[in-house]
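Participant: Chains as they are written, first to last, in our numbering: chain A, -9 to 386; chain B, 309 to 601.
One thing to keep in mind: the hints can contain errors.
Stated by the list, open to error - Between beta-carbon pairs, the in silico distance windows are:
| no. | chain 1 | residue 1 | chain 2 | residue 2 | range |
| --- | --- | --- | --- | --- | --- |
| 1 | B | Ile445 | A | Lys135 | 31 to 37 Å |
| 2 | A | Asn184 | B | Asp483 | 48 to 54 Å |
| 3 | A | Gly181 | B | Ala487 | 38 to 44 Å |
| 4 | B | Val438 | A | Pro74 | 56 to 62 Å |
| 5 | A | Asn184 | B | Ile445 | 47 to 53 Å |
| 6 | B | Leu578 | A | Gly181 | 17 to 23 Å |
| 7 | A | Val118 | B | Met309 | 53 to 59 Å |
| 8 | A | Asn87 | B | Pro436 | 30 to 36 Å |
| 9 | B | Tyr575 | A | Asn65 | 52 to 58 Å |
| 10 | B | Ala586 | A | Ile78 | 51 to 57 Å |
| 11 | A | Asn87 | B | Ile592 | 40 to 46 Å |
Said to hold, decoys possible - Not close to chain A: a few residues of chain B, all C-beta gaps over 12 Å, as computed:
| no. | residue |
| --- | --- |
| 12 | Ala372 |
| 13 | Arg391 |
| 14 | Val406 |
| 15 | Phe427 |
| 16 | Pro428 |
| 17 | Thr457 |
| 18 | Lys473 |
| 19 | Gln489 |
| 20 | Gly594 |
| 21 | Lys595 |
Derived from the structure by calculation, the hints contain no laboratory data. Fair warning: this is a prediction, and the values are worked out from it, not measured in the lab. Here a beta-carbon is modelled for each residue, glycine too, at the ideal position from N, C-alpha and C.
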Amino acid sequence: MKSGRSRIRRKERCVVWGLFSVLLALLGLCLMVVPANTQQKQPIVIGALFDGSGGAAFYSGQSVMGVDVAIEEVNKSGGIMGRPVTFIKQDDGNNPNVAPIRTRALIEGGAVGIIMTSGSASTLQARVVLEEMKVPGLNANLNPKIVQPPNNTYIFSIGNDTSQIVQALTEAVKPYKRLAIFTDNGPTGMGLANSYKDAFEKAGVKVLMMEAVDVGATDATAQVSRMKAQKVDAVFVSGQAAGEQALFLRAAEMQGFNVPMFQDITAGNPRYHKLAGAAALKNLRFISQVDPSNPASAMVQKLVQAKYGPKAVEPTLYLQTWDEVHLLKYAIESAGSTDGTAIRDALQKVKNFKSVWGQSGYTLNCSKDSHLCSSLKGVVLRGFENGVPGPVVQRF
Amino acid sequence: MLDLIPPVLVNGCAIALVALGFHLVIRSTGGIVDFAIGQYAIIAGLAAALISSELHLPTIFVVALGCLASIVVALLDEVAVIRPAILLNRDPLAMAPVLATVSLLMVWEQVARLVFGDFPLRGPSFLPGVRYSIGEIPIPAHSVVIVVTTVLVFLAVQLWLDRTKAGRMLRAIGDNRLAAQLLGFSVNRSRALAFMLAGATVGIAGGLISPLAGFGALGGGYYTLNGFVALFLGGVASPAGAFLGGIVLEAIKIAVGRYLGSGYQDYLVLALSLLVFAFRPQGILGKRKTRSA
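Work the whole structure out from these sequences, hints included.
Facilitator: Shown next as structure tokens:
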């Protein structure tokens, strides 16, 4: 009897242990499966280095709008590889010495790609950190040094750099024989003006004179008067200070100095048009990365303006950062991974990526040998009509 | 050559008004140079531009409101920073109050950035579009307003200093603060009044010049530097020195820019300043102090 009972108990014990083992196995399986699912739903982080307090704050602020709206749209359409996208940003105050620290903070915050919207000097300094941490950075700065060797394996530039802008401007000013350059005399303004001067002269365009005003100056009569006396037949308005550029245009208008004037992409800003006034803009032609006939530009402009209203005033900047976010999405999905090197490799293979700025149908193309993904098709020359940008006057 | 006279007068007047602000502060403090003064002009100009674009008031009210903003900022500086700095540093040669004004310049620059944004703004003109001409030289009506207003402001300040009790008290404090205190003068009240007046004169400059130049939030340094050089060039001792200094400084700058090229402007202005400091520190109109035996 006893042996029969003990046999039954042993059987019961076996069943209990068996059930317990199955339960443990199921629990183990769950523990293995749950993190995998959680990881799949973990957000992908995109970072932005921006300038919230320094000299590039206005431009950087416009660029960040494009990143913000682009990430919202990416999330609405299912994120990247089914994972939501989170946006983090760090302010370097346009200080190149602070930029590496802030970039490192972004990467430590999980950023798998960084949109660089601060000044070009900041991007150059942050490059060291991007190289060390193997995280790609995208920017639209004008400075070609950013993507030049050595040590540029992780930075991509999608905007037209000065060499392309100069190429377009050179085409535009070629017919003129007595060209003058006007600039502000701040270090960035002078540096930019000198680089334009060198490039023009290299292309065979003679620069007769270069005139500058102090940053903060209240008058440019002497500069205009000097140009008139030298019988200048066209002026390239260079520099970085919008106030001083507008000051020159107004002084020229006041003195009846009616020669064609050319300016780079900085003249596309609506606030600049208000600052200069309609009368002062009548002789100005400028390089624009927004072609009014491109429907993709109009579509993104609507989205950004819907979110930011009248604060969104510089389409070129936010259109380009929109593209940068979408390029990152494309590269991550092509690589099938958030590993920085894999994303970098995928970015290097980008071909015919449809851009939302530039001439209609304009595409971006990157390669291992060139991280400058833009081309001359990204720009047009536009004039002004009644104080606002008018139709395209020259395509390149 | 003649075409340079209107810009010399217009810009010279603006810088002279800033120099007058320096003069009043130096008088009231017994020698402290307020390096934040240039930013008062920027705040007045930006406030005028913003108020004009938001409220569409007549230009005279807009300039007055910009000026009011500048007066408030100047008074705040005096009450919250300069006065305690002077009290804590009784040595008249102490650098702390002067360094405090340098910090104030930076603080107000950042405040202006936050309030008015990063992009330059342009205030409204008096009689926009109205232009006179002398021969082929165009003269906008607004330029005439600047020159006339400046002359009136200088006359009013000179009269106030000479004919009113408060003005004479300020002059006495400037000559000898300790003696004035012993005589029972309210040094603090006089200094606050002088700062408010400085805020007003510099604010008028900002409100009047912003339609011509367009102001960026970080532009105060330009007006501080030029106003300071103009005052020492003309002579610190009187408002007339500030006026003359402003006109002479701008005449040199514009003539150098026109005939030698803009690259020489700053170098020659700085060289001239050095020469003045070295050989005529009392300025063009100042009298050399003779050392008593």
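Participant: For every hint, state whether the structure bears it out.
Facilitator: Going through the hints against the structure:
In this structure the hint that B/Ile445 and A/Lys135 lie 31 to 37 Å apart at CB is violated, the actual value being about 45 Å. Hint check: A/Asn184 to B/Asp483, Cβ distance near 51 Å, so the stated range 48 to 54 Å holds. Taking the beta carbon of each, A/Gly181 and B/Ala487 are about 54 Å apart, not inside 38 to 44 Å as hinted. For B/Val438 paired with A/Pro74, a C-beta distance near 59 Å keeps the hint of 56 to 62 Å intact.
In this structure the hint that A/Asn184 and B/Ile445 lie 47 to 53 Å apart at CB is violated, the actual value being about 33 Å. The hinted range of 17 to 23 Å is satisfied by B/Leu578 and A/Gly181, whose Cβ atoms lie roughly 21 Å apart. In this structure the supplied range 53 to 59 Å holds for A/Val118 paired with B/Met309, their Cβ-Cβ distance being about 54 Å. The hinted range of 30 to 36 Å is not satisfied by A/Asn87 and B/Pro436, whose Cβ atoms lie roughly 45 Å apart.
At about 56 Å, the CB distance of B/Tyr575 to A/Asn65 agrees with the hint of 52 to 58 Å. In this structure the supplied range 51 to 57 Å holds for B/Ala586 paired with A/Ile78, their Cβ-Cβ distance being about 56 Å. Checking the proposed 40 to 46 Å range against A/Asn87 and B/Ile592 shows it holds: the Cβ atoms sit about 43 Å from each other. At roughly 21 Å, the least C-beta separation between B/Ala372 and chain A is larger than 12 Å, which holds for a residue marked as non-interface.
Remark: the non-interface label on B/Arg391 is consistent with the geometry, its nearest Cβ contact in chain A lying 29 Å away (cut-off 12 Å). Against the 12 Å criterion, B/Val406 stays outside the reach of chain A, whose nearest CB is about 22 Å from its own CB. A Cβ of chain A approaches the Cβ of B/Phe427 within 12 Å, the least distance being about 5 Å, so the stated non-interface status is violated. At roughly 4 Å, the least C-beta separation between B/Pro428 and chain A is not larger than 12 Å, which violates its mark as non-interface.
No beta-carbon of chain A is positioned within 12 Å of the beta-carbon of B/Thr457; the least distance is around 15 Å. Every Cβ of chain A is farther than 12 Å from the Cβ of B/Lys473; the closest lies at roughly 36 Å, confirming the non-interface assignment. Residue placement check: B/Gln489 keeps its beta carbon more than 12 Å from all beta carbons of chain A (closest about 38 Å). Every CB of chain A lies more than 12 Å from the CB of B/Gly594, the least distance being 26 Å, so the non-interface label holds.
Every CB of chain A lies more than 12 Å from the CB of B/Lys595, the least distance being 31 Å, so the non-interface label holds.
Of the numbered hints given earlier, the model fails hints 1, 3, 5, 8, 15 and 16; all others are met.
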